[in-house]
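Q: Using the sequences plus the hints, can you model the full thing?
From first to last, the protein sequence lines stand for chains C and G. Counting from 1, one number per residue, gives the positions in the first sequence under the working numbering. Counting from 371, one number per residue, gives the positions in the second sequence under the working numbering.
Accuracy of the hints is not assured; some may be wrong.
[What the hints assert, rightly or not] Now the in silico label distances, taken between C-beta atoms and shown as ranges:
id: 1; chain 1: G; residue 1: Gly440; chain 2: C; residue 2: Gly217; range: 46 to 52 Å
id: 2; chain 1: G; residue 1: Gln461; chain 2: C; residue 2: Gln267; range: 39 to 45 Å
id: 3; chain 1: C; residue 1: Ser145; chain 2: G; residue 2: Thr451; range: 50 to 56 Å
id: 4; chain 1: C; residue 1: Leu65; chain 2: G; residue 2: Leu433; range: 35 to 41 Å
id: 5; chain 1: G; residue 1: Leu480; chain 2: C; residue 2: Glu115; range: 50 to 56 Å
id: 6; chain 1: G; residue 1: Glu768; chain 2: C; residue 2: Gln267; range: 35 to 41 Å
id: 7; chain 1: C; residue 1: Leu65; chain 2: G; residue 2: Pro551; range: 57 to 63 Å
[Unchecked claim] No more than 35 Å apart at the CA atoms, straight line, and that leaves these computed lysine-lysine pairs for DSBU-like:
id: 8; chain 1: G; residue 1: Lys373; chain 2: C; residue 2: Lys273
id: 9; chain 1: G; residue 1: Lys613; chain 2: C; residue 2: Lys273
id: 10; chain 1: C; residue 1: Lys72; chain 2: G; residue 2: Lys721
Because the hints were derived from the structure by calculation, they are not lab data. For glycine and all other residues, C-beta sits at the position ideal for the given N, C-alpha and C.
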Amino acid sequence: MNGLHGIIFTYERRGNLQELGSIRSSASIPFGGRFRAVDFALSSLVNAGAMDVGIILHGHYQSLLDHLGTGKDWDLSRKRGGLRLLPPFNYKGEWGAMPYRGHIEALTAVRTYLEEIRQDYVVMMDGDLVANLPLSDVYENHLKSGADITVVCANDSFMTEDGTYFQVGEGGRVAEVFVSPHTPRGLRGLGTYVVSKKLLLELVDDCAAKDQLSWRGDVLQARKDQLNIQSYIWKGYAAQIRSVQEYYDRSMQLLDPAIRADLFCAQRPVRAKNADLSSTYIGSGGKCVNSLFGDGCSIEGVVENSILFPGVTVEAGAVVRNCVIFKDSIVRKDAQLSYIIADKDVEVLPGRTLMGHVTYPIVLAKGSKV
Amino acid sequence: MKKECIAMLLAGGQGSRLYVLTGDMAKPAVPFGGKYRIIDFPLSNCTNSGIDTVGVLTQYRPLELNSYIGSGQPWDLDGSTGGVHILPPYQGAKGGTWYKGTANAIYQNLGFIDMHDPEYVVILSGDHIYKMDYSDMLARHKAANAACTISVMEVPWAEAPRFGIMSVDGDDMITEFAEKPKEPKSNLASMGIYVFSWKALRQYLIDDEHTPGSENDFGKNIIPSMLGNQERMAAYRFAGYWKDVGTLESLWDANMDMLAPESGLDLRDRSWPIYARSISAPPAFLGGKSTVTHSAVNRGSVLEGLVENSVLSQNVTVGEGATVRYSVLFPGVEVAPGAVVEYAILGEGCKIGPGCRVGGTPENTPEGWGLTVLAPGCQLPEGKDAKAGIMLNRNGEEVSK
Numbered sequence: 001m002n003g004l005h006g007i008i009f010t011y012e013r014r015g016n017l018q019e020l021g022s023i024r025s026s027a028s029i030p031f032g033g034r035f036r037a038v039d040f041a042l043s044s045l046v047n048a049g050a051m052d053v054g055i056i057l058h059g060h061y062q063s064l065l066d067h068l069g070t071g072k073d074w075d076l077s078r079k080r081g082g083l084r085l086l087p088p089f090n091y092k093g094e095w096g097a098m099p100y101r102g103h104i105e106a107l108t109a110v111r112t113y114l115e116e117i118r119q120d121y122v123v124m125m126d127g128d129l130v131a132n133l134p135l136s137d138v139y140e141n142h143l144k145s146g147a148d149i150t151v152v153c154a155n156d157s158f159m160t161e162d163g164t165y166f167q168v169g170e171g172g173r174v175a176e177v178f179v180s181p182h183t184p185r186g187l188r189g190l191g192t193y194v195v196s197k198k199l200l201l202e203l204v205d206d207c208a209a210k211d212q213l214s215w216r217g218d219v220l221q222a223r224k225d226q227l228n229i230q231s232y233i234w235k236g237y238a239a240q241i242r243s244v245q246e247y248y249d250r251s252m253q254l255l256d257p258a259i260r261a262d263l264f265c266a267q268r269p270v271r272a273k274n275a276d277l278s279s280t281y282i283g284s285g286g287k288c289v290n291s292l293f294g295d296g297c298s299i300e301g302v303v304e305n306s307i308l309f310p311g312v313t314v315e316a317g318a319v320v321r322n323c324v325i326f327k328d329s330i331v332r333k334d335a336q337l338s339y340i341i342a343d344k345d346v347e348v349l350p351g352r353t354l355m356g357h358v359t360y361p362i363v364l365a366k367g368s369k370v
Numbered sequence: 371m372k373k374e375c376i377a378m379l380l381a382g383g384q385g386s387r388l389y390v391l392t393g394d395m396a397k398p399a400v401p402f403g404g405k406y407r408i409i410d411f412p413l414s415n416c417t418n419s420g421i422d423t424v425g426v427l428t429q430y431r432p433l434e435l436n437s438y439i440g441s442g443q444p445w446d447l448d449g450s451t452g453g454v455h456i457l458p459p460y461q462g463a464k465g466g467t468w469y470k471g472t473a474n475a476i477y478q479n480l481g482f483i484d485m486h487d488p489e490y491v492v493i494l495s496g497d498h499i500y501k502m503d504y505s506d507m508l509a510r511h512k513a514a515n516a517a518c519t520i521s522v523m524e525v526p527w528a529e530a531p532r533f534g535i536m537s538v539d540g541d542d543m544i545t546e547f548a549e550k551p552k553e554p555k556s557n558l559a560s561m562g563i564y565v566f567s568w569k570a571l572r573q574y575l576i577d578d579e580h581t582p583g584s585e586n587d588f589g590k591n592i593i594p595s596m597l598g599n600q601e602r603m604a605a606y607r608f609a610g611y612w613k614d615v616g617t618l619e620s621l622w623d624a625n626m627d628m629l630a631p632e633s634g635l636d637l638r639d640r641s642w643p644i645y646a647r648s649i650s651a652p653p654a655f656l657g658g659k660s661t662v663t664h665s666a667v668n669r670g671s672v673l674e675g676l677v678e679n680s681v682l683s684q685n686v687t688v689g690e691g692a693t694v695r696y697s698v699l700f701p702g703v704e705v706a707p708g709a710v711v712e713y714a715i716l717g718e719g720c721k722i723g724p725g726c727r728v729g730g731t732p733e734n735t736p737e738g739w740g741l742t743v744l745a746p747g748c749q750l751p752e753g754k755d756a757k758a759g760i761m762l763n764r765n766g767e768e769v770s771k
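A: What follows is the structure, given as structure tokens:
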């Protein structure tokens, strides 16, 4: 069958996300005022015509499961194919508590699922990538270039934790691969790969036979000379959410209209679960500038340079500056927040003052009462 | 499969008193409250009340409404038994007709109701904004052992002559019904929401159909003839917010009520959610030079100007230096920089050019003040104004109300 099959990896734990990442996989981190990180990979796939998407899970995936549901928000709730959740221990006989140590180990664990893929080509993506990628264009380039593997890269100055970087030579072929380098060089890999189903199975089997676990190290790095690995450069917005600082900096970029126009381009809508809340209400005392608001917020105070998720309440006299406030959190009257990332259901009591810094945003854990 | 109670939603009305707003769509499909359509209210009430089977009777310009309802999934009305069903008029072996009246619309769908074999049928309108637990009304119906229960609310005596007025006895059983009485005997107004025991209603519908000269209307024919036959008719008192949004003024009023929960219309109350079909759009952005107060805003909107006392739907843009006051903007409206919009209802996708003035305040309009209404798709080029109280069609031509 022609077309693309999507596989999204969500098993990686990112310690630097602090409380944001300790209760959920990074794929289900709220981002951009109404989305979860995984919405971007899912939407990119669906917008490229992918009808089947597998999600590889491992640990703390309740939040992600709640978000994904049957996949109907992405039109992936299908009679045949559609969304396929791939929890650990389903395919391998053995038990264990160890998280996957690499994409290859994760793929080996779902070997039977890989065999059942009905498309000829597979796009592998990371659940924590926030980018609206034109995957049909990537796919076309993959076919045209005759590549064995196409890696999608960004050519920008951003760095990411545990990143993969590529040096490319003539015609865009990957000449060198750096895995989690101390000093990044070359193009930043976006964890997005196009490969044929046939080659993917061969690689998984070959690696498994050699006790190799890592896609980046044991495939890309080790076989860059045998395989024709081509790069596809994405010039738009592409964030990888792996630390609190990265989360904060990349969120705040969305206050720039040009970045929003790129990430939320009309041709490729980003789909997300709907919260079923009413309109956002800005009260008579509300003073909101340069900020994003999800549905169902109720604002009587001051909100500046901030991103508010659905259902956030800011009471009269409260001041919220340079903050990201997750769903259903409440800032009581006369409280003052700046450079704060408040997780879901946080309540900041009247008159409290909390300040982080642009280089050190403070995270308030889910449900905490300050 | 047998159902205890199903709902039939009358959504076929043209809504002629909404004029240009319903030029291309049925009244229940008209946007409301920034993110809803009017029909979201009865549909959400059904699902919240535990009614999982709803027949929607459509007739006038149903495309928009049908595509909005779709599979019924946004309201959880896509179950494997029941769900939401669109019921247009149809042709049978002996021909067919349009729905002649509200009762005839139900009569033509006896087969649909019989298929579900319910004990009770709830009859609803597609043009009311309210939150009501129909299961509570059904409980009243059962307790009263009634053939028909009509929900009523107290209205100011002065306004009673505008409504269908019920007189009741000590047990709140209806003794008399008067349609728009000059001298009302009671101030209990019918809200146009009925619960019937299906067996009884079925017979009355058949009899009514064979009564020459009948208008085949619930209020004018079915209810009076049931009363005449001494059927047990119960009143169900409703005390919450309820508004018929059949006119431009009442539609505007209800939108303004939504901004102030003190009005009784609290859409932020999570215990009784109103569901709507959602769109893919980023969160609303309030720009660095925006001033937004006492207003509702929705996703996909980009606001850079002054917005006061207004309800803004999804994907609305208000440019820098523009002013929007006391207005209702439907989805996709664009107000260019420097334009002024006051006391207006702007239909879907209206484009107001730079510097245009639309509408005016009652204070600044010496005579003939009224709401200014622009049809969906109306474009006002730079420098053109739309005076207070006028209405423009899709082509920007003035039409009379």
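Q: Indicate, hint by hint, whether the structure satisfies it.
A: Comparing the hints with the structure gives:
no.	hint	verdict
1	G:Gly440 x C:Gly217: 46 to 52 Å	holds (48 Å)
2	G:Gln461 x C:Gln267: 39 to 45 Å	holds (42 Å)
3	C:Ser145 x G:Thr451: 50 to 56 Å	holds (53 Å)
4	C:Leu65 x G:Leu433: 35 to 41 Å	holds (37 Å)
5	G:Leu480 x C:Glu115: 50 to 56 Å	holds (54 Å)
6	G:Glu768 x C:Gln267: 35 to 41 Å	holds (37 Å)
7	C:Leu65 x G:Pro551: 57 to 63 Å	holds (59 Å)
8	G:Lys373 x C:Lys273	holds (31 Å)
9	G:Lys613 x C:Lys273	holds (31 Å)
10	C:Lys72 x G:Lys721	holds (34 Å)
Hint check: no violations occur; every hint is consistent with the structure.
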